[in-house]
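Position chain Y against the provided structure of chain R, taking the given hints into account.
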Amino acid sequence: MNAQASALRDPRLNRPEPFAPPLGDGGFFQRDRSIHPPAHAPGYKSSVLRSPRQALLSLENSVSEITGPVFGHNDLGPLDNDLIRNYAKDGDPVGERIIVHGRVLDETGRGVPNTLVEFWQANAGGRYRHKKDTYLAPIDPNFGGCGRALTDDTGYYYFRTVKPGPYPWRNYVNSWRPAHIHFSVFGSGFAQRLITQMYFEGDPLIPVCPILTTIPDKDALDRLVAPLDLNGSTPFDSLAYRFDIVLRGQRSTYFENRTAGN
Amino acid sequence: MPQPLDYLKETASQTAGPYVHIGLLPAMAGFDIFEKNFSNVLVTPNTEGERLTLEGKVLDGTGAPLRDVLLEVWQANASGRYNHPADRSAGALEQEFRGWGRAGSDFESGLVSFETIKPGAITDRAGRTCAPHVNVWIVARGINIGLNTRLYFSDEEAANAADPVLNLIEQPARRSTLIAKRGERAGKVVYSFTINLQGPEETVFFDV
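Residue numbers (this note's numbering), protein chains in the order written: chain R, 1 to 262; chain Y, 1001 to 1208.
This is chain R alone, in the form it adopts within the complex (with noise of 0.2 Å):
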């Protein structure tokens, strides 16, 4: 890491310790189901025939759970968080240049330390290097629009790119996605694997966004939207925006109840 990035490093200096219990392999936090959209949600259509009707079947976190997929900077390359440079093949890609830039914690304030965080994004002219997108915008040869990055044993993660357009999409006849990028991360169990999309501060197609407005929860949604971060752009380079991923916290396991004698 150069000495530009870690001066990015530890943006939450001010922030009290965590509640941190020793950190637990006992089962997760249940989850809170009321700040995720839920299933069926008619005003986004794809939703309606995609989404369960029974009720999920309430599982206490057996090993299966717990335990998930590990990852380590093996499995990564060298360029995989430079969407800047990751693709490009005789320049730069087109558009606003950003550094995006976190923690991934979880509930208790920790951070998730050594986590896989993948990423992917349309170019600056919303549109999307994917064989089914046809939107008219063009494609930018410069830009692939995928990363992937590891958290630090704080659970920081950072990566550059351009920022994404806004660009129409077949839900209501004049429907628009807001600026994103889409976000996957996995955490240390499978029953924290998350898929979300970090939107930008100020954009106003996000309140009339019919994928964000399935968010029942007001302050969920705000916390889908990253802020400007002056203090970590890059002067005569790039501006930064800020975003925090939380996952499900873990219990610790206090006392194993079994019975005596096994």
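By construction, these hints were calculated from the structure, which means they are not laboratory data.
Remember, predicted model here, so these are calculated numbers, not experimental data.
We treat Cβ as the ideally placed atom computed from N, Cα and C, and that holds for glycine.
A hint or two may mislead.
Said to hold, decoys possible - Sample of chain R residues with no beta-carbon within 10 Å of chain Y, all distances over it, derived:
1. Leu136
2. Asp152
3. Thr154
4. Val173
5. Ser175
6. Ala179
7. Gly202
8. Ser252
Stated by the list, open to error - Once the Cα atoms are required to be at most 30 Å apart in a straight line, the calculated DSBU-like pairs of lysine-lysine come out as:
9. Y:Lys1057 <-> Y:Lys1188
10. Y:Lys1036 <-> R:Lys163
11. Y:Lys1009 <-> R:Lys218
12. R:Lys45 <-> R:Lys131
13. Y:Lys1036 <-> R:Lys131
14. Y:Lys1057 <-> R:Lys132
15. Y:Lys1036 <-> R:Lys89
16. R:Lys163 <-> R:Lys131
17. R:Lys132 <-> Y:Lys1036
Just chain Y, lined up with the frame of chain R:
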């Protein structure tokens, strides 16, 4: 006023969208970008256990296959051991077998497949034996929060009948929605599954 509890809230889920392949399986999106890629092949030549193909489809409420769905699987090795420090069971660990893979469905047929091995039976923390199973996570356009389910194996009838999770399912008929059926094709073992998002055969999904 009692002291405040200062837990953070989990970040809200959002759909993976139709272009999930760009980030998670770029070759399927139509380009090559990473030096190393994740895939639907869990096994290496050294992996212990019976080789098998796990293949199936995810069907929507009209019975049509999802052609833009992405599945991930997470499983133990042939000794019933997960490659993760929180598994403290006695089975032998194989460092080369991560136990995880991801696959996108075919853009025409909707078929999804994994090349893996049958996991061993799992011993949970309470000492109970759980039937061999693969944990499945499903994301796609129109799926607002990833769906968790499991796949068990049709030739493990006795183990399935005693499995504590299958037995949590109140209606015995619904247990069969989690059983992949064993067959053979060109001398290779194939386990087939259908995941129904809705309808009378709706798959059992878990709130884990």
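So, going through the hints one by one against the coordinates:
no. : hint                    : verdict
1   : Leu136                  : holds, 16 Å
2   : Asp152                  : holds, 19 Å
3   : Thr154                  : holds, 15 Å
4   : Val173                  : holds, 18 Å
5   : Ser175                  : holds, 13 Å
6   : Ala179                  : holds, 14 Å
7   : Gly202                  : holds, 19 Å
8   : Ser252                  : holds, 12 Å
9   : Y:Lys1057 <-> Y:Lys1188 : holds, 19 Å
10  : Y:Lys1036 <-> R:Lys163  : holds, 25 Å
11  : Y:Lys1009 <-> R:Lys218  : holds, 13 Å
12  : R:Lys45 <-> R:Lys131    : holds, 23 Å
13  : Y:Lys1036 <-> R:Lys131  : holds, 21 Å
14  : Y:Lys1057 <-> R:Lys132  : holds, 20 Å
15  : Y:Lys1036 <-> R:Lys89   : holds, 19 Å
16  : R:Lys163 <-> R:Lys131   : holds, 21 Å
17  : R:Lys132 <-> Y:Lys1036  : holds, 23 Å
In this structure, none of the earlier numbered hints is contradicted; all agree with it.
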